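J.: First to last, the sequence lines map onto chains A and B.
Start counting the first sequence at 559; every next residue gets the next number (the numbering used here).
Start counting the second sequence at 1463; every next residue gets the next number (the numbering used here).
There could be a bad hint or two in this list.
Keeping only pairs whose Cα atoms sit at most 25 angstroms apart, straight-line, the calculated BS3-like set for lysine-lysine is [as the list claims (entries may be wrong)]:
{"#": "1", "chain 1": "A", "residue 1": "Lys924", "chain 2": "B", "residue 2": "Lys1474"}
{"#": "2", "chain 1": "A", "residue 1": "Lys567", "chain 2": "B", "residue 2": "Lys1677"}
{"#": "3", "chain 1": "A", "residue 1": "Lys947", "chain 2": "A", "residue 2": "Lys644"}
{"#": "4", "chain 1": "A", "residue 1": "Lys924", "chain 2": "B", "residue 2": "Lys1472"}
{"#": "5", "chain 1": "A", "residue 1": "Lys870", "chain 2": "B", "residue 2": "Lys1616"}
Listed next, with one range per pair, are the computed distances between beta-carbon atoms [stated by the list, open to error]:
{"#": "6", "chain 1": "A", "residue 1": "Asp655", "chain 2": "B", "residue 2": "Ile1609", "range": "26 to 36 angstroms"}
{"#": "7", "chain 1": "B", "residue 1": "Lys1585", "chain 2": "A", "residue 2": "Lys567", "range": "51 to 61 angstroms"}
{"#": "8", "chain 1": "A", "residue 1": "Lys947", "chain 2": "B", "residue 2": "Arg1595", "range": "32 to 42 angstroms"}
{"#": "9", "chain 1": "A", "residue 1": "Glu583", "chain 2": "B", "residue 2": "Ala1608", "range": "37 to 47 angstroms"}
{"#": "10", "chain 1": "B", "residue 1": "Lys1472", "chain 2": "A", "residue 2": "Val945", "range": "40 to 50 angstroms"}
{"#": "11", "chain 1": "A", "residue 1": "Pro867", "chain 2": "B", "residue 2": "Lys1719", "range": "33 to 43 angstroms"}
{"#": "12", "chain 1": "B", "residue 1": "Ile1599", "chain 2": "A", "residue 2": "Val859", "range": "38 to 48 angstroms"}
What the hints contain is simulated information worked out from the structure, not anything from laboratory work.
What you are looking at is a predicted structure, and each value in this text was computed from that prediction instead of being measured.
In this text, a Cβ means the ideal position worked out from N, Cα and C, and glycines have one as well.
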Amino acid sequence: MGTNSNGHKRKKVAVMFGGRSVEHEISVITGLQLIKALDPIRWDPYPVYIAPSGKWYCGKKLLDKSFYLAMPSSLSEVTEVTLLPKPGVGGLTILQDPEDRASSVIPIDIFLPAFHGTYGEDGSIQGLFELADVTYTGCGVLGSILGMSKYHSKKIVEAHGVPVLPCQVINRESVEADFGKHLTSLRDQVIKRLGNFPLFVKPCNLGSSIGVVRATCEEELDSALLHALKYDVAAMVEPCLDKKLEINVSVLDDPLEPIASVVEIPVSSTGKELTYEDKYLRGGSKKGDDSMQGMAALTRVIDPEDLDPAVKEKARSYAVTAFKALNASGVSRIDFMLDTTNGVLYFNEINTIPGSFSFYLWMNSKPPVFYTELLNRIISVAQTKAVRKSSVERQVGFKALKK
Amino acid sequence: MTNINFVLLKSKDKSQNKCDIPIIMMHGWGQNLQSMRALGELLSNFYTVYILDLPGFGKSPKPETDWDTREYGVGVRQFCESKNIDKCFLIGHSFGGRVSVRLASMYPDLVSGVVLINSGGLKRELKFPKNIRAKAIGMLSKTVKAIDGMAGSKIFQYWFVPKFASLDYKNAGEMRTILVKSVNEDLTQDSQLIKCPTFILWGAKDTETPLESGKRFHELIKGSQFVALPGKDHFPFIDEGAHICAYYIAPFLQSIKLNQEEKAACV
Chain A
559 MGTNSNGHKR KKVAVMFGGR SVEHEISVIT GLQLIKALDP IRWDPYPVYI
609 APSGKWYCGK KLLDKSFYLA MPSSLSEVTE VTLLPKPGVG GLTILQDPED
659 RASSVIPIDI FLPAFHGTYG EDGSIQGLFE LADVTYTGCG VLGSILGMSK
709 YHSKKIVEAH GVPVLPCQVI NRESVEADFG KHLTSLRDQV IKRLGNFPLF
759 VKPCNLGSSI GVVRATCEEE LDSALLHALK YDVAAMVEPC LDKKLEINVS
809 VLDDPLEPIA SVVEIPVSST GKELTYEDKY LRGGSKKGDD SMQGMAALTR
859 VIDPEDLDPA VKEKARSYAV TAFKALNASG VSRIDFMLDT TNGVLYFNEI
909 NTIPGSFSFY LWMNSKPPVF YTELLNRIIS VAQTKAVRKS SVERQVGFKA
959 LKK
Chain B
1463 MTNINFVLLK SKDKSQNKCD IPIIMMHGWG QNLQSMRALG ELLSNFYTVY
1513 ILDLPGFGKS PKPETDWDTR EYGVGVRQFC ESKNIDKCFL IGHSFGGRVS
1563 VRLASMYPDL VSGVVLINSG GLKRELKFPK NIRAKAIGML SKTVKAIDGM
1613 AGSKIFQYWF VPKFASLDYK NAGEMRTILV KSVNEDLTQD SQLIKCPTFI
1663 LWGAKDTETP LESGKRFHEL IKGSQFVALP GKDHFPFIDE GAHICAYYIA
1713 PFLQSIKLNQ EEKAACV
């Protein structure tokens, strides 16, 4: 099982998905897709699922979509595990095992998080990987945290010369203190700073367009703020461009310089902003291919011929700048907003674990990078990083105490 | 000439010295061109790709007579002529692999490279006790048919087929004679005649065309390359598996050293 036809030992890759996040289900799709695309000659994929409860499970049964529909009863058929926050364990520690195996540890060589949103993409689990001293793919703690905060990522990217729209952050505690009064004064602040309606309100730390609302008047702004604060402890308000185009680019780590994919223009069903339904529920309309799910199934125009090549190039170059500025690693997707009235391109957000790992962009890039190769590169970057980190001196011994 | 339905995916490669030799893709038994579409789309980044509905499958009408795979080869050759294809690469899965082996052995000038994915064509070497069972079922089949012939009964149809026949056989309908012909063929000799570069890609967990067949093709076809994919079944190119197959197939096709005449066909 552990060796391939050439006799080399395959590395065991824990593909982790699910998680305590509103994007739980999308992560399951990303994870299962990814396992099917991993080169089975080099890697031995091992599914690890974090249930909405926060419990971790592993076992081959997780590969079957019907498992998730049969929860919670199906959970008794898989092994409950955890990762202990101490170096040198060598894998996942079994908490509860229906199979009663001899060893208490399931060996893992590489951890590959395929989570979207809270606890999986925001630096939380990356912190655990650091404590456990394991090899893991994608962003480290810093890149994950910066990428998750729409506010902080904007500020840093702006400092590197990429245009961003002005914004105002509103924390939940400032609303909670004296509800009615504060909401009115906050609203006045926002309008004073950002100008006229319509305005855009979104949770500060979420993806997938969840909780995003367009407000055209004061009443709508109030309800939009409350709506956004339902999903997050902070909301962000931005001006809403009249005529705009969303442009996304993926960036992939490379030993020398990160590379950018072709651009895509996601298409919404309403002609307005993309909704969660657009992104995940409308299904694949890519001709002849109904099998795609998740971000790979979104209606989109990849590398549109009628888009100004100069805009494409600018998006790609801004994307690489943002990727580096935010200390990203692995593969990210960077979303821009083009003001079509004046041609200014604004950085909007970064997804440090993008839906479907943006493979649909890479397979159409020039030269194409097939999903299998994309994953090879992400893992190999992680291995290089782990080696580099292991050479850093962590201990200077006890000296101060001896004084 | 038999009408063959197909999709044409034009090469997305716009570079100067691209290779204009197209790929012809042929699906397995009971499938149609859709089964290979995802893989075809990926390969069309480099090559022009024709994915066929083999006669009797998908939207292609059944051949007028009950063809063997050699006749399928002739049919595909005629298709190539009608499209002015005088050089091509073949990718054949399962039954489509049988047709690919026939084409490559019969028309070495037409075929510049072959990819076999979990291909049929080599008879299984069954070990005890499976070989005993297979022989017994074979004898039983003959006996039942003989009784039906003498007594005018339909024991074969109503008892033997539901009990012992394969799923493909039960579902074959009008294609049943063609199926029987094809599974009784052995392409050992044809395989040995293949001179062009050949790549054998195999889902190792296959129960229909076992890994053993892949290894034997590798032994029979001189200079062939062989890659077994652990954990993958009879359809290694399904869903995102298409990326794994394309990841191995594209470099193989690009590594084929073309002779002068073939180079002339490249722009």
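J.: Under the criterion that the straight-line Cα-Cα distance not exceed 25 angstroms, is the pair lysine 924/A, lysine 1474/B satisfied?
T.: The hint holds at about 9 angstroms.
J.: When you check the alpha-carbon spacing of lysine 947/A and lysine 644/A, does it fall within 25 angstroms?
T.: holds (16 angstroms)
J.: Using the C-beta atoms of aspartate 655/A and isoleucine 1609/B, is the stated range 26 to 36 angstroms upheld?
T.: Given about 56 angstroms between the Cβ atoms, the range is violated.
J.: Is 37 to 47 angstroms right for how far apart the beta carbons of glutamate 583/A and alanine 1608/B are?
T.: violated (59 angstroms)
J.: For the range 38 to 48 angstroms, tell me whether the beta carbons of isoleucine 1599/B and valine 859/A fit it or not.
T.: The hint (38 to 48 angstroms, Cβ to Cβ) is violated, given that isoleucine 1599/B and valine 859/A are roughly 56 angstroms apart.
J.: Against the range 40 to 50 angstroms, how does the distance between the Cβ atoms of lysine 1472/B and valine 945/A compare: consistent or not?
T.: For valine 945/A against lysine 1472/B, whose Cβ atoms are near 44 angstroms apart, the range 40 to 50 angstroms holds.
J.: Can the restraint linking lysine 567/A and lysine 1677/B be considered satisfied, given a maximum Cα separation of 25 angstroms?
T.: holds (21 angstroms)
J.: Check the hint pairing lysine 870/A with lysine 1616/B against an upper bound of 25 angstroms on the C-alpha distance.
T.: violated (70 angstroms)
J.: Taking the beta carbons of lysine 1585/B and lysine 567/A, is their distance inside 51 to 61 angstroms?
T.: violated (35 angstroms)
J.: Does lysine 1472/B sit within 25 angstroms of lysine 924/A, going by the straight-line distance between their CA atoms?
T.: Status holds; Cα separation ~16 angstroms.
J.: Go ahead and decide if the range 32 to 42 angstroms is satisfied by the Cβ distance of lysine 947/A to arginine 1595/B.
T.: Because 58 angstroms falls outside the window, the suggested range is violated.
J.: Given the hint of 33 to 43 angstroms, check if proline 867/A and lysine 1719/B actually sit that far apart at their C-beta atoms.
T.: holds (36 angstroms)
When the structure is compared with the earlier hints, violations turn up for hints 5, 6, 7, 8, 9, 12 and for no others.
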